[in-house]
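Based on the hints, put chain B in the right spot on chain A.
For the record, the sequence lines run as chains A and B.
Residue numbers for the first sequence follow this note's numbering, so the first one is 9 and each next one is one higher.
Residue numbers for the second sequence follow this note's numbering, so the first one is 12 and each next one is one higher.
Quick caveat, the hints were computed from the structure, so don't treat them as lab data.
Be a bit skeptical, because a hint or two may be false.
Stated by the list, open to error - Covered by chain B, per the in silico footprint, the following chain A stretches (three or more residues, Cβ under 8 Å):
(1) 18-29
(2) 34-48
(3) 55-66
(4) 69-80
(5) 165-173
Ideal Cβ placement from N, Cα and C applies to all residues, glycine included.
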Amino acid sequence: MKKWVKRGQEYLLQCKWLTVRKDIVQLPSGLVLDDYYVLEYPTWVNVIAITEDGLFVIEKQYRHGTESIDFEICAGTCEKDEEPIDAAKRELLEETGYGGGKWTMYGISNPNPAAMTNLNYTFLAEGVKKISQPHQEKTEDIEFFTVSRGELLKLMENGEIKQGCMLAMLWKYMAKTNSENVAINRWLGKTI
Amino acid sequence: MGWKVLFSEYLISRPWLTVRRDKLQLADGRIAPEYYVLEYPDWVNVIAITKEGKFVMERQYRHAIGRTDFEIPCGIMEKGETPLEAAKRELKEETGYGNGEWKLLMKLSPNPTSMTNMTFCFLATDVEIIDEQRLDATEELTVHLLSKGEVRDLLERNEIIQSLMVAPLLKFFMQEK
Numbered sequence: 009m010k011k012w013v014k015r016g017q018e019y020l021l022q023c024k025w026l027t028v029r030k031d032i033v034q035l036p037s038g039l040v041l042d043d044y045y046v047l048e049y050p051t052w053v054n055v056i057a058i059t060e061d062g063l064f065v066i067e068k069q070y071r072h073g074t075e076s077i078d079f080e081i082c083a084g085t086c087e088k089d090e091e092p093i094d095a096a097k098r099e100l101l102e103e104t105g106y107g108g109g110k111w112t113m114y115g116i117s118n119p120n121p122a123a124m125t126n127l128n129y130t131f132l133a134e135g136v137k138k139i140s141q142p143h144q145e146k147t148e149d150i151e152f153f154t155v156s157r158g159e160l161l162k163l164m165e166n167g168e169i170k171q172g173c174m175l176a177m178l179w180k181y182m183a184k185t186n187s188e189n190v191a192i193n194r195w196l197g198k199t200i
Numbered sequence: 012m013g014w015k016v017l018f019s020e021y022l023i024s025r026p027w028l029t030v031r032r033d034k035l036q037l038a039d040g041r042i043a044p045e046y047y048v049l050e051y052p053d054w055v056n057v058i059a060i061t062k063e064g065k066f067v068m069e070r071q072y073r074h075a076i077g078r079t080d081f082e083i084p085c086g087i088m089e090k091g092e093t094p095l096e097a098a099k100r101e102l103k104e105e106t107g108y109g110n111g112e113w114k115l116l117m118k119l120s121p122n123p124t125s126m127t128n129m130t131f132c133f134l135a136t137d138v139e140i141i142d143e144q145r146l147d148a149t150e151e152l153t154v155h156l157l158s159k160g161e162v163r164d165l166l167e168r169n170e171i172i173q174s175l176m177v178a179p180l181l182k183f184f185m186q187e188k
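Only chain A is shown next, with the shape it has when bound in the complex (with noise of 0.2 Å):
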């Protein structure tokens, strides 16, 4: 499939959190659209931690965006030349305390391909541990927790958990490490 050819560009915005690019495309039909918006974002992290003690580590904070009081995993965005797992390291342990343990990246979305230009990465970190106290960001006002893999399920499916980068790793690990379905593990073998 062929991509679109992009004429001409003007950004409406450029600040902190928000750029906003207006795009003039052409498809391969030939149509060409004076108006399509991009925005920008730099990389984001996700970070489904576990604790030596097999608990996962959520937190629950405040969307102004969906006006909700969302659980969630621990999240963040990468600094300007810095590595995911560098990031994903730094937001653990600046929005918990937790830190140490082993860490393999475990999967590669996106929120919203048609407008946002950001791929989000997943890291697994297992045996993780409480490190030091928490530093978070001014907007921040995080509460966290450990819950069991019954507990975190339990929230993915009433839908207390409701982020697409979060719920699809999540999913992606509650699929490959349920024991009662036969047919995904051997599809998918024992190890994660």
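What follows is chain B alone, placed relative to chain A:
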């Protein structure tokens, strides 16, 4: 834990983008002077499985990330439509498939930090061809019927990466016996 809106203004109000800037008072009294909110209508998507057990998948170029990936049919709710009506309409328009049994699989948000909308994900089984494809002028997509194993392989190879689609697909695979 909620925040209070002290002042609000619209910076951009276009058919495809609405940007609002809020001045907020946080729970502890601090002021956040510029918080950007993107207002969108709700979205829908559909895991559609034919009577023969094939998944109705699409491939479409996505300009913001510059990639073509596999997707499930999706779209935007129109005014006055229920999520189910929107999902049935989008599946029919984009692929020509319809009928069958429908149920809501999950609801999720692309970005609760700054986007206002939710996505309703449906599972439609035993769908069949009921019409020809009728795409919008800006839609260019191809339709592909894939087996369950092929869809699982795409997920494993990160060839389906739209989070709003990956989440319901994996929930579906997790829950089927």
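Now the hints, each set against the structure:
1. 18-29: holds (count 6)
2. 34-48: holds (count 10)
3. 55-66: Per the Cβ count (0), the hint is violated.
4. 69-80: holds (count 10)
5. 165-173: The restraint on the region 165-173 of chain A holds, since 5 of its residues have a Cβ under 8 Å from chain B and three suffice.
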